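Protein sequences appear in the order of chains W and L. Per our numbering, residue 1 is the first one in the first sequence, and the count goes up by one each step. Per our numbering, residue 1 is the first one in the second sequence, and the count goes up by one each step.
None of these hints come from the bench; they were simulated from the model. Be careful, since some hints might not be right.
Stated by the list, open to error - Sample of chain W residues facing chain L (criterion: CB under 7 angstroms; computed from the structure):
hint, residue
1, Pro203
2, Asn338
3, Asp343
As the list claims (entries may be wrong) - Output of the computed footprint for chain W on chain L, the stretches with three or more beta carbons under 8 angstroms from beta carbons of chain W:
hint, region
4, 89 to 103
5, 348 to 362
These figures come from a predicted structure and were not determined experimentally. All residues carry an ideal CB built from backbone N, CA and C; glycine is no exception.
2 protein chains.
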Amino acid sequence: MKSYLPPLGPKADKDTVRRHNLSLVLRAVRDEGESAEATRAGVSARVGLTRAAVSSLVEQLLDSGFLTESGKTFSGQAGRPGTALKVARTGPAGLGVEINIDYVSVCVVDLAATGRVRQTEHLDNRGAPPGEVLGRAAGIAARALDSAREQGLHPVGAALALPGLVSGGAVRQAPNLGWNQVPAEELFARALTGLWPGASPLPVRSENEANLAALAELWFGGLDAVRSFLYLTGEIGVGGALVLDGELLRGAHGFAGEIGHVVVDPDGPECRCGSRGCLEQYAGQTALLRAAGVEESGGGAAGVMELERRARAGDARSVAAVAEAGRMLGRVLSGAVNLFDPDAVVLGGIYRCLMPWLSPPVDAELTGRVVSGLWSPDGGRLRASSVAGDAARGAAALVVQDVLADPVAYARPEPTDA
Amino acid sequence: MKSYLPPLGPKADKDTVRRHNLSLVLRAVRDEGESAEATRAGVSARVGLTRAAVSSLVEQLLDSGFLTESGKTFSGQAGRPGTALKVARTGPAGLGVEINIDYVSVCVVDLAATGRVRQTEHLDNRGAPPGEVLGRAAGIAARALDSAREQGLHPVGAALALPGLVSGGAVRQAPNLGWNQVPAEELFARALTGLWPGASPLPVRSENEANLAALAELWFGGLDAVRSFLYLTGEIGVGGALVLDGELLRGAHGFAGEIGHVVVDPDGPECRCGSRGCLEQYAGQTALLRAAGVEESGGGAAGVMELERRARAGDARSVAAVAEAGRMLGRVLSGAVNLFDPDAVVLGGIYRCLMPWLSPPVDAELTGRVVSGLWSPDGGRLRASSVAGDAARGAAALVVQDVLADPVAYARPEPTDA
Chain W
1 MKSYLPPLGP KADKDTVRRH NLSLVLRAVR DEGESAEATR AGVSARVGLT RAAVSSLVEQ
61 LLDSGFLTES GKTFSGQAGR PGTALKVART GPAGLGVEIN IDYVSVCVVD LAATGRVRQT
121 EHLDNRGAPP GEVLGRAAGI AARALDSARE QGLHPVGAAL ALPGLVSGGA VRQAPNLGWN
181 QVPAEELFAR ALTGLWPGAS PLPVRSENEA NLAALAELWF GGLDAVRSFL YLTGEIGVGG
241 ALVLDGELLR GAHGFAGEIG HVVVDPDGPE CRCGSRGCLE QYAGQTALLR AAGVEESGGG
301 AAGVMELERR ARAGDARSVA AVAEAGRMLG RVLSGAVNLF DPDAVVLGGI YRCLMPWLSP
361 PVDAELTGRV VSGLWSPDGG RLRASSVAGD AARGAAALVV QDVLADPVAY ARPEPTDA
Chain L
1 MKSYLPPLGP KADKDTVRRH NLSLVLRAVR DEGESAEATR AGVSARVGLT RAAVSSLVEQ
61 LLDSGFLTES GKTFSGQAGR PGTALKVART GPAGLGVEIN IDYVSVCVVD LAATGRVRQT
121 EHLDNRGAPP GEVLGRAAGI AARALDSARE QGLHPVGAAL ALPGLVSGGA VRQAPNLGWN
181 QVPAEELFAR ALTGLWPGAS PLPVRSENEA NLAALAELWF GGLDAVRSFL YLTGEIGVGG
241 ALVLDGELLR GAHGFAGEIG HVVVDPDGPE CRCGSRGCLE QYAGQTALLR AAGVEESGGG
301 AAGVMELERR ARAGDARSVA AVAEAGRMLG RVLSGAVNLF DPDAVVLGGI YRCLMPWLSP
361 PVDAELTGRV VSGLWSPDGG RLRASSVAGD AARGAAALVV QDVLADPVAY ARPEPTDA
């Protein structure tokens with residue numbers, strides 16, 4: 001018999017407890033600071049540790065540059081006034097780099113996940129050698145990092161958002177970029193180190209772009225209490241991500257969420273993935289514009305704006321094309337909802353602006369096909385994504401989340417010069 | 001901006017640390033006992049706590065009846081001989097109760113998750129009032145609990161495995177039983193308390209039957225290193241479960257895994273769920289036997305045996321019916337694999353004995369439709385479930401897992417009489 005027990009965790013010793021509590025206090029200051037001024041007393045009440053323990057932890061966080069404190073505060077706490085604590089605006093920072101088909105967007109966030117630097121360049125990345133694309137991205141990133149340093153930020157890591165199957169630091173396949181087996185992290189890190197030499201090279205990680213957009217939607221969007229959702233982003237491809245109880249579901253190899261390649265019609269048109277009749281062939285940007293009779297000249301974005309304009313004007317062919325895409329989306333989504341049971345389905349990318357015509361057929365399919373009447377059309381569970389859901393910021397925030405989870409691992413032994 | 005931080009966990013204080021470490025030591029004895037005799041020295045080495053700390057924790061576990069020790073052992077440890085520690089065979093136990101369409105199966109396991117009592121009765125539960133079915137199940141359970149007590153076991157909880165949508169202690173819907181909004185936990189607990197009065201009523205939980213069969217497959221089956229898989233069980237309905245990294249994926253409302261209601265053909269035959277063309281209508285037992293021309297007289301099991309016999313004899317209609325079901329299964333599974341990216345797909349229930357004719361078309365669909373050639377036909381990722389994957393044992397083991405995770409919560413203040 002195989003052991004059915006979960007693997008043994010690390011032992012809980014004094015050092016582990018202190019590191020855990022440092023993270024608790026740092027996050028409590030961050031959360032407390034949302035609504036009021038954070039004080040040692042307030043943090044103590046929030047996390048349930050003694051005032052003395054909190055004071056000691058706060059000292060360490062101040063010394064390491066994770067927190068700052070300002071003058072006296074009288075914000076409702078009994079007893080003598082405390083000083084107001086804040087997450088440092090000049091402390092550790094995360095770099096996010098989104099490489100997409102026709103643009104590169106770079107974002108630096110501070111410990112509060114506030115965007116501090118943003119650089120976006122429109123580039124046609126299709127067909128360019130991957131090393132060249134990543135080199136250009138590193139150039140944009142280096143400029144953003146310089147700006148961040150000027151603001152007193154100390155970047156501790158970078159995350160790449162890539163439109164394809166990403167695992168083990170490489171892009172296994174990104175059909176719309178024409179990439180195959182590209183060691184993206186390594187190529188980017190090498191280019192960045194050349195352009196932006198630091199004390200030590202910036203650690204680089206990578207992740208699927210839809211996954212990071214979904215995380216940004218979760219963290220910074222308008223989802224309120226929703227913690228489990230399916231995220232779809234309509235682009236040239238149809239990207240997807242699954243968030244369950246506030247965590248990204250990556251799958252066994254990191255390839256989960258490929259909803260664009262769920263089959264709609266087994267004998268349908270050939271897909272770039274090698275299969276036939278995938279959702280992408282019915283609800284992707286190219287298929288949608290073709291069905292609507294909109295020329296995709298001037299780039300996809302212009303085509304989608306034209307489609308929206310025509311639908312708004314009541315053009316029958318445009319409305320019918322969007323409705324048909326909605327039926328196909330709804331059919332695939334009903335299966336996904338039966339499998340995953342999320343709180344909500346969030347539609348992003350080109351679907352955002354098409355919601356008035358897209359959501360009724362999607363909702364109708366979901367209502368008819370989700371088991372046992374668990375989906376009702378006016379339940380508010382089908383939503384458009386917010387503008388906040390952008391992959392570059394999600395990537396940058398991912399880096400910073402690691403810092404908050406274990407600040408000790410990111411404490412600088414001594415201040416570095418700016 | 002919404003906080004993007006995970007919720008604050010409990011503070012790590014001395015009491016929490018000790019409870020955590022008691023669980024560590026208990027589980028280490030359990031794991032160590034798999035291959036060799038467990039000693040205090042061996043446990044100390046395994047979990048990384050000092051000998052003195054381990055001795056103190058072991059004393060508490062011995063006093064509370066979670067562990068037993070026997071004579072001297074010389075099992076390869078340096079220094080003076082220790083005594084051999086074992087997880088108690090007379091300690092806390094879990095009760096699992098599977099209520100299915102045509103049988104009730106009850107299982108009691110000890111702390112090592114070894115089955116110690118099993119009672120199965122074939123009953124036609126279709127159409128009987130839910131209270132009556134649960135009352136009968138409680139009667140069978142009471143007899144099993146008596147046997148367990150005679151073996152010195154102390155049942156600490158029960159789990160029900162139910163073939164339907166289960167949440168909040170109730171069966172929301174179990175179409176094949178004809179149940180709607182049945183407060184199963186309450187009805188079972190009340191019936192059991194009447195039949196088996198204890199010092200305090202046994203806590204009862206409930207779970208979807210396919211979910212528990214999948215957990216049993218994970219814990220006791222032949223999956224080796226596989227920690228993420230899709231589990232399908234073919235019965236009158238087609239049940240499903242998703243296990244990710246060793247954890248059951250329950251979804252936002254507990255209804256995840258309803259793969260039987262993923263649509264195959266939007267205009268296909270009506271399904272009991274209210275939709276059309278669900279997988280169940282193509283690959284469920286009834287559809288399969290009908291397509292093969294096998295009369296379902298004498299119960300479904302007899303029909304499936306007859307189908308297997310005919311397929312083995314080369315009957316063309318039977319082989320074609322199974323192959324067609326396999327294509328539909330494979331089509332739906334390819335979408336599920338694209339969404340979920342599991343290590344393996346495990347087929348149970350009636351599919352187990354039909355694998356020779358079922359697996360080639362399933363594998364062919366997966367190979368053709370899973371993105372970017374991530375599925376290869378001979379990768380060993382499509383498997384038949386093992387006999388160990390039974391829902392009653394999974395349910396009982398679930399109860400016991402709680403004990404192992406926090407033994408203090410289940411410690412008896414004083415020994416009770418048997």
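Results for each hint:
For the restraint placing Pro203/W at the interface with chain L, the shortest Cβ-Cβ distance is roughly 20 angstroms, beyond the 7 angstroms limit, so the hint is violated. Because the beta carbon of Asn338/W sits about 4 angstroms from the nearest beta carbon in chain L, less than 7 angstroms, this interface hint is met. For Asp343/W, the suggested interface contact is upheld, since its CB lies about 4 angstroms from the closest CB of chain L, less than 7 angstroms. As drawn, the region 89 to 103 of chain L meets chain W at 0 residues by the rule of a beta-carbon pair under 8 angstroms; below three, the given contact is violated.
Counting residues of the region 348 to 362 of chain L whose C-beta lies closer than 8 angstroms to any C-beta of chain W gives 0; at least three are required, and the coverage claim is violated.
Going through the hint list in order, the structure does not satisfy hints 1, 4 and 5.
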